[in-house]
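S.K.: Sequences and hints are given; from them, build the entire structure.
Note that my numbering has the sequence shown beginning at 4, numbered continuously upward.
Heads up, some of the hints might be wrong.
[Stated by the list, open to error] Derived lysine-lysine pairs resembling BS3-like cross-links, with alpha carbons at most 30 angstroms apart: (1) K453 - K496; (2) K492 - K466; (3) K325 - K453; (4) K25 - K325; (5) K509 - K458; (6) K325 - K375; (7) K240 - K184.
[Claimed, not checked] Pair ranges (Cβ atoms, derived): (8) F506 - K308: 45 to 55 angstroms; (9) N107 - E380: 49 to 59 angstroms; (10) D336 - F469: 27 to 37 angstroms; (11) Y116 - L229: 27 to 37 angstroms; (12) R415 - A180: 48 to 58 angstroms; (13) A195 - K308: 27 to 37 angstroms; (14) Q188 - K103: 37 to 47 angstroms; (15) I355 - N157: 41 to 51 angstroms; (16) H463 - S425: 30 to 40 angstroms; (17) T238 - K156: 17 to 27 angstroms.
Worth flagging that the hints you see were computed from the coordinates, not collected in a lab.
Treat the numbers as computed from the prediction; the structure is a model and nothing was measured.
All residues carry an ideal CB built from backbone N, CA and C; glycine is no exception.
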Amino acid sequence: MSHKISIIDIGSNTIRLVIYEKRQDRYSYECIENIKETARLRSRFDEEGNLSEEGIHILVSTLHEFMKIVDHYGVDECVAVATASLRLAANCDDVLARVKAETNIQIRLLSDYEEAYYGYFAVHHSISLQEAVTIDIGGGSTEITYFKDGKMKNYHSFHFGALSLKMEYISDEMLTAKEQKRMKQFLTEQFASLDWLQNLQVPVIAIGGSARNIGRMYQQIIDYPLDELHHYEMTVKQLRKVEDIISEQSLSSLQKMDVIDKERADTLQPAIATFIALCEAVHTSTWIISNRGLRDGLLYEMQGKTEEQGDELIEESLYELKSRFYIGSQQEDDLRRLALQLFHEVNHLRPIFDSSDEHLLRLATPIFNLGKKADAETSNMTFFLVSHYTLLGLSQKERIAIALIASFKNRRLFNQYVEPFSPWFTEQELHRYAALGAILKVAQTLDRTKTSHVKMIIIHEPKESFWEAKIIYECSIIAEKYHFNRQKKHLEKQFNVTISPNFVEKL
4 MSHKISIIDI GSNTIRLVIY EKRQDRYSYE CIENIKETAR LRSRFDEEGN LSEEGIHILV
64 STLHEFMKIV DHYGVDECVA VATASLRLAA NCDDVLARVK AETNIQIRLL SDYEEAYYGY
124 FAVHHSISLQ EAVTIDIGGG STEITYFKDG KMKNYHSFHF GALSLKMEYI SDEMLTAKEQ
184 KRMKQFLTEQ FASLDWLQNL QVPVIAIGGS ARNIGRMYQQ IIDYPLDELH HYEMTVKQLR
244 KVEDIISEQS LSSLQKMDVI DKERADTLQP AIATFIALCE AVHTSTWIIS NRGLRDGLLY
304 EMQGKTEEQG DELIEESLYE LKSRFYIGSQ QEDDLRRLAL QLFHEVNHLR PIFDSSDEHL
364 LRLATPIFNL GKKADAETSN MTFFLVSHYT LLGLSQKERI AIALIASFKN RRLFNQYVEP
424 FSPWFTEQEL HRYAALGAIL KVAQTLDRTK TSHVKMIIIH EPKESFWEAK IIYECSIIAE
484 KYHFNRQKKH LEKQFNVTIS PNFVEKL
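M.R.: See below:
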């Protein structure tokens with residue numbers, strides 16, 4: 004059994020249909036179809052500001068085609084929304100009436116506040132930052148929000164977007180130096196008009212296709228090891244580097260790049276100039292891409308989500324990962340208990356960890372080798388899946404750290420997995436993550452039979468580099484004893500000690 008929702012997003016540049024499905028064994032909705040039509044409605048306004056007859060025809064025919072797809076998938080609930088694409092049209096009411104009459108679709112016209120809010124709401128439920136500025140640049144408008152402590156404090160909708168800026172400032176295919184200067188001056192003045200935006204010194208989070216194209220372009224330049232854009236972080240210096248590279252290209256060469264959507268190539272210069280101008284106003288060097296935007300914000304609202312947010316972002320993502328790929332027992336409470344006991348005992352003797360390391364260990368425990376013993380097959384599968392699966396609420400660096408810990412089999416494989424990402428981490432961080440992986444692997448031996456017979460772990464160091472591990476248990480733990488003695492070597496290597504187990508039966 005499943006429930007399907009479709010959202011039609013009528014923007015100034017594109018009209019997009021997304022279909023989501025929620026199965027009974029899943030926590031959230033999964034995107035099963037995503038189609039767009041580059042309608043460029045913003046460029047089809049006449050001199051009086053009306054959406055032209057040609058524009059109306061494109062809108063109606065596109066919606067007819069989309070509804071055929073919606074019917075094919077057996078969608079239970081369909082929502083159609085329009086943003087500045089229709090909000091700014093002088094004949095907006097007439098267009099909405101014609102669409103209703105010809106397609107039986109009642110378009111919900113979003114206000115500028117709603118358009119800004121849903122973008123913020125999507126970020127709020129996908130990136131764990133308590134304070135930031137968001138920007139969603141469309142074809143005909145640009146929405147800015149500022150949130151703090153998880154609450155939206157300010158918003159503004161500018162009546163310009165990537166497409167309208169192109170129409171206003173680019174006379175040929177690409178910006179001339181003079182046109183670029185004029186456009187940047189305009190953008191600087193626009194952002195300077197918002198007193199609440201100035202010098203916030205917080206990250207800027209960018210939503211939308213232009214941001215994704217820019218991110219993909221830079222990832223290609225640096226040979227980035229992940230094909231992932233959500234929570235991808237760049238500096239303003241790196242943005243300027245991409246801007247320079249774009250300005251050196253012809254439009255045709257940009258359109259031929261695999262990492263750039265052909266229909267967005269001619270609006271990339273206005274988009275990246277807008278991002279840089281906003282970062283300058285905010286006085287930040289941190290620019291982050293969100294792969295979640297207005298449609299996701301709508302979907303989250305339909306799911307009943309609120310502004311209240313904690314660690315559920317990560318927990319929900321881990322649940323989804325497990326529901327799709329987990330192949331072991333779903334009961335990991337005892338493994339978490341034993342892993343944390345072992346963590347605190349080790350950290351008492353060798354205090355190298357902090358609270359963030361404990362947090363990573365907690366997150367890695369439920370997906371340790373996808374529920375199986377740490378053989379080569381499950382280790383490889385776990386690292387690949389976790390490193391390439393979008394875990395909401397985690398940075399990409401944190402995700403790789405969890406993948407390394409959850410897939411730990413031995414230090415050789417650990418080093419092999421981390422090699423493409425080694426510039427991301429210090430030697431100290433890698434040492435801690437390998438140690439956390441070893442702790443988790445050894446703890447798993449004491450949960451081998453899933454019987455909860457091992458009750459407590461206490462470690463003493465009676466002499467230097469010699470640890471005595473007192474393991475208190477009840478009933479039989481023959482398998483646990485055998486595997487602990489085989490796998491304790493991983494802890495011994497990490498901490499350069501000898502571990503002598505003392506198994507004590509609880510009477």
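S.K.: Would you mind marking each hint as holding or not holding in the structure?
M.R.: Cross-check of the supplied hints:
| no. | hint | result |
| --- | --- | --- |
| 1 | K453 - K496 | holds, 27 angstroms |
| 2 | K492 - K466 | holds, 18 angstroms |
| 3 | K325 - K453 | holds, 18 angstroms |
| 4 | K25 - K325 | holds, 15 angstroms |
| 5 | K509 - K458 | holds, 9 angstroms |
| 6 | K325 - K375 | holds, 12 angstroms |
| 7 | K240 - K184 | holds, 18 angstroms |
| 8 | F506 - K308: 45 to 55 angstroms | holds, 48 angstroms |
| 9 | N107 - E380: 49 to 59 angstroms | holds, 52 angstroms |
| 10 | D336 - F469: 27 to 37 angstroms | holds, 32 angstroms |
| 11 | Y116 - L229: 27 to 37 angstroms | holds, 35 angstroms |
| 12 | R415 - A180: 48 to 58 angstroms | holds, 54 angstroms |
| 13 | A195 - K308: 27 to 37 angstroms | holds, 34 angstroms |
| 14 | Q188 - K103: 37 to 47 angstroms | holds, 43 angstroms |
| 15 | I355 - N157: 41 to 51 angstroms | holds, 42 angstroms |
| 16 | H463 - S425: 30 to 40 angstroms | holds, 36 angstroms |
| 17 | T238 - K156: 17 to 27 angstroms | holds, 25 angstroms |
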